[in-house]
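Model the full structure from these sequences, guided by the hints.
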Amino acid sequence: MIMNRREIIVGGASAAALLGATGVRAQQPSEVVIGAVYQMSGASAQVGVDAQHAFDTALDVINNSYDLDLPLAKNAGLAGLNGAKVRVVIADHQGDPQKGRAEAERLITREKVAALIGSYQSAVAVTISQTAERYQVPFLSADNSSPSLNRQGLKFYFRPGAHDEMFSKAMFDFFDALKQKSRKIETLALFHEDTIFGTDSANAQQKLADERGYKIVTNIKYRANSPSLTAEVQQLKSVDADVLMPSSYTTDGILLVKTMGELGYRPKAMVAQDAGFSEKALYDAVGDKIEGVISRASFSLDLAAKRPSVAKINEMYKSRSGKDLNDLTSREFMGLLVLADGIDRAKSTDGEKIREALAATDIPGERTIMPWKRVKFGPDGQNLDADPVLLQWVGGKFVTIFPASAAIAEAKWPMNA
Amino acid sequence: MTLQGLAQILASGLLMGLIYALIAAGLSLIFGLMDVVNFAHGEFLMLAMYATFGIVVATALDPVLAAPLVVGAMFVLGAFVYFAVIRHAMRAKANIGMVQVFATFGLGITIRGLAQHVFTPDYRSIQTSFLAGRTLDLGGVFLPLPQLFGGLLSCLSFVALYFIIRRTDFGRALEATREDAGAVALVGIDKNRVFALGWGLGAALVGIAGSVMAIFYYIHPDVGTPFALIAYVTVALGGFGSIFGALAAGLLVGIVEAISATILSPSMKAVGIYLIYLVVVFMRPRGLFGNL
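So the protein sequences, as listed, match chains A and B.
Be aware that the first sequence starts at 90, since it is given in the working numbering, and climbs by one per residue.
Be aware that the second sequence starts at 22, since it is given in the working numbering, and climbs by one per residue.
In short, the hints are calculated from the structure, not lab data.
Treat each hint with caution, since some may be false.
Per the computed footprint, the stretches of chain B lying under chain A, defined by three or more beta-carbons under 8 Å from a beta-carbon of chain A, are [claimed, not checked]:
hint	stretch
1	150-158
2	229-243
Where chain B lies over chain A, by a calculated footprint (3+ residues, C-beta under 8 Å) [claimed, not checked]:
hint	stretch
3	310-317
4	341-351
These numbers were taken from a predicted model, which means no experiment stands behind them.
From the three backbone atoms N, C-alpha and C, an ideal C-beta is built for every residue, glycine too.
Below, the structure written as structure tokens:
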């Protein structure tokens, strides 16, 4: 991965030399730097490592010429800036909001980045987005899902993907659809970690359940990275709800499933709020124990049937990381493309100009690798056309089961009959 | 709550408590011997888990059978760390306590960083043990076999420790060195050798814990951190340097954690532990069984 970065730097430098030789106007930057703030050490470091591969893939698409129907794929570099290449500088926030703030500040003031992208943990996105606002530098929230982020009243905040209320709405639409087919879904058990991601997700689910007449029989908020989840699982087991709805990162997700197995609890159905439940590591560890688990997602590999570039991008990503694109890495890839497209149209690295260009973004869904209708930001920076999908883990892979327009197969319900 | 539910919580708390006690035992042993708190203890645990994983992947041995190898390797590692790092930290002329704290703390961070580089931050887990995923069902109270096995090993380790400390020459040398490291030299005991053996033994104990935990927990460069935190409070609660205090405190922590997660709320479960510790500090600052 260091090699990749080096290659990009070398690529950027040689492009600069080339531009210098052809006598391009001096004030045009030959290189655009974007700062990526991710966790590169600590409990979720693998997410950061995977994100880096996703960005390297996106840079490959942007800086080289590919025959793909994606923004910036056709020509090498940013046409709006005379073919300037894009470079990504990665900073490590260690999962800590305060370090996120410090790293964002350093990237803006020292590395002179044109824009920021991040950051997986929503709690860290709060401080990054506020720092970006203060310096008037756009922050593209690639894979954060907390709905409170776009409600901070920030002008420089943009999120192409869905937030947890949109995701949760898809889950409840799915429940409603099942009920119409006279399946019994009355009681729900919420199980969520205690940072902003888990609590926002549970609040959204609580609200939707109240509105649509589902009964929440238990709402367990647990400490993230707990050494043991026995007491928690015991409570889940004693209420045995129709649907168990976890909002957990990978470590807790693995421990949850292992502990459920140990305590002999087989939930009737599980519908997860992504995060850990979209991670390969979780399915490698405990996938056999949760056949039929459903997770909301922004991405699915079987989309390749409807979006031709999915397969090619997945291949490019896989050659770097050894893994298929997942819910997070697909959004990271697409996020960088959307951001670079904004900079390209801004024809400038000035924060305000990029902000204006991003606010005017209008990319049709077919020109993305996502199931989205389009990318078009509202005044709060949220893309309201980021349609989520629900995936079911069947026979060692994910199958899209909802909504009907994207579904490849009928849902197996309940997962443990 | 049903009686069955209560029994389940107590049983789970007890089993987890035995593991906590086992992790804390090594820490307590080293502290009791030479007044050094090993802040790399969580990383020792993590290395033991990776060692188990590595042996299982390389040889297809059951992790239970790999355990003796891991424990042996951890013993060597512990002794090596003493000679390579701690011995030098102890030569400091001033602020010796601080130097030791930072030496072990730095060691911990180094080990974690190297682990992330070498093993990658991906999550691993062992699928192939004959214990994995098996559970004993006692009338609705579920006792997972890996944890039961861990509890049993923990009990055996404490019995063995008792004999080592009370009945062997090494144990007597350990006690004597703890009393007065200068005076033992006069009777021909090499203090470096005793300290190194103490570090080896401490690391071997956490090695036992790691090789069992590798069966039922995920493995990750950061996996030791939450366990180390609990081990520090366990040692402080039981009394610095008291190995059997560590056993009692480990059990107490396991049960209090399970009960406070049930009665208060799961996000408050650590609060119960620290509340008890604060009460103990207030009533008996040297810890429940501390005699220092």
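Going through the hints against the structure:
no.: 1; hint: 150-158; verdict: holds (count 3)
no.: 2; hint: 229-243; verdict: holds (count 6)
no.: 3; hint: 310-317; verdict: holds (count 7)
no.: 4; hint: 341-351; verdict: holds (count 5)
No hint from the list above goes unmet by this structure.
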